[in-house]
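Residue numbers (my numbering), protein chains in the order written: chain A, 43 to 152; chain B, 44 to 157.
Simulated from the structure, these hints should not be mistaken for laboratory data.
What you are looking at is a predicted structure, and each value in this text was computed from that prediction instead of being measured.
There could be a bad hint or two in this list.
Unchecked claim - In the EDC-like style, the derived pairs of lysine to aspartate or glutamate whose C-alpha atoms are separated by at most 16 Å in a straight line are:
| id | chain 1 | residue 1 | chain 2 | residue 2 |
| --- | --- | --- | --- | --- |
| 1 | B | 121 | B | 96 |
| 2 | A | 151 | A | 56 |
| 3 | A | 139 | B | 102 |
| 4 | A | 151 | A | 53 |
| 5 | B | 126 | B | 105 |
| 6 | A | 94 | A | 73 |
| 7 | A | 139 | B | 87 |
| 8 | B | 126 | B | 61 |
| 9 | A | 139 | B | 96 |
| 10 | A | 94 | A | 109 |
| 11 | A | 139 | B | 106 |
| 12 | B | 121 | B | 105 |
| 13 | B | 121 | B | 61 |
| 14 | B | 121 | B | 106 |
| 15 | B | 121 | B | 111 |
| 16 | A | 45 | B | 87 |
| 17 | A | 139 | B | 99 |
| 18 | A | 139 | A | 73 |
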Amino acid sequence: DAKTTQPTSMDCAEGRAANLPCNHSTISGNEYVYWYRQIHSQGPQYIIHGLKNNETNEMASLIITEDRKSSTLILPHATLRDTAVYYCIVRSTGGFKTIFGAGTRLFVKA
Amino acid sequence: EPEVTQTPSHQVTQMGQEVILRCVPISNHLYFYWYRQILGQKVEFLVSFYNNEISEKSEIFDDQFSVERPDGSNFTLKIRSTKLEDSAMYFCASSERLGNSPLHFGNGTRLTVT
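Take the sequences, apply the hints, and build the full model.
Below, the structure written as structure tokens:
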């Protein structure tokens, strides 16, 4: 599975959009981009995933560049409860493993 | 919304003892996983399980570890002889299929080995 690169940490003001970038320049055609988050020591929580089209659900939007080498997770109106570690993961269609990196620690501030 | 449940939430055991961590995956899911997270470190893949056999495992998953799906609902992780370094959060996850199907995680079992 392709490797991803994320900033170590980011700040966001409450009520503003949080835009979390991810670089996955070695992604291949059958690999999906997944985003999870982990709040404190809880289990990772699935947020959203996509292959090449932009995706939106009730939690977030996922913007994938046309060349698929990077993506951005958008939390449209961040709240204090969105403070967490956010993981960008690339996973192939046949892969059993989902490998977590260090992620981005997002701090939402009042 | 269906969820993955894990028991117990916290397990304390003495070094050398056997422990069994239990998980009930989401009912229509076919793929099952165990991960662990040592305090302050990354979430690490241990093993995946499909069709009643291990499909992939990491270097961490040595002979001290085993997994089992004893019935149609439970999925267990056994550590035969615990070591101090096995102290960690252990997360169970399940997915409906591979690839285009997210993992759904439980809230973990905190294992403390003394």
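Structure-based check of all given hints:
no.	hint	result
1	121(B) to 96(B)	holds, 15 Å
2	151(A) to 56(A)	holds, 6 Å
3	139(A) to 102(B)	holds, 13 Å
4	151(A) to 53(A)	holds, 7 Å
5	126(B) to 105(B)	holds, 13 Å
6	94(A) to 73(A)	holds, 9 Å
7	139(A) to 87(B)	holds, 10 Å
8	126(B) to 61(B)	holds, 10 Å
9	139(A) to 96(B)	holds, 15 Å
10	94(A) to 109(A)	holds, 9 Å
11	139(A) to 106(B)	violated, 19 Å
12	121(B) to 105(B)	holds, 11 Å
13	121(B) to 61(B)	holds, 7 Å
14	121(B) to 106(B)	holds, 10 Å
15	121(B) to 111(B)	holds, 8 Å
16	45(A) to 87(B)	holds, 15 Å
17	139(A) to 99(B)	holds, 7 Å
18	139(A) to 73(A)	holds, 12 Å
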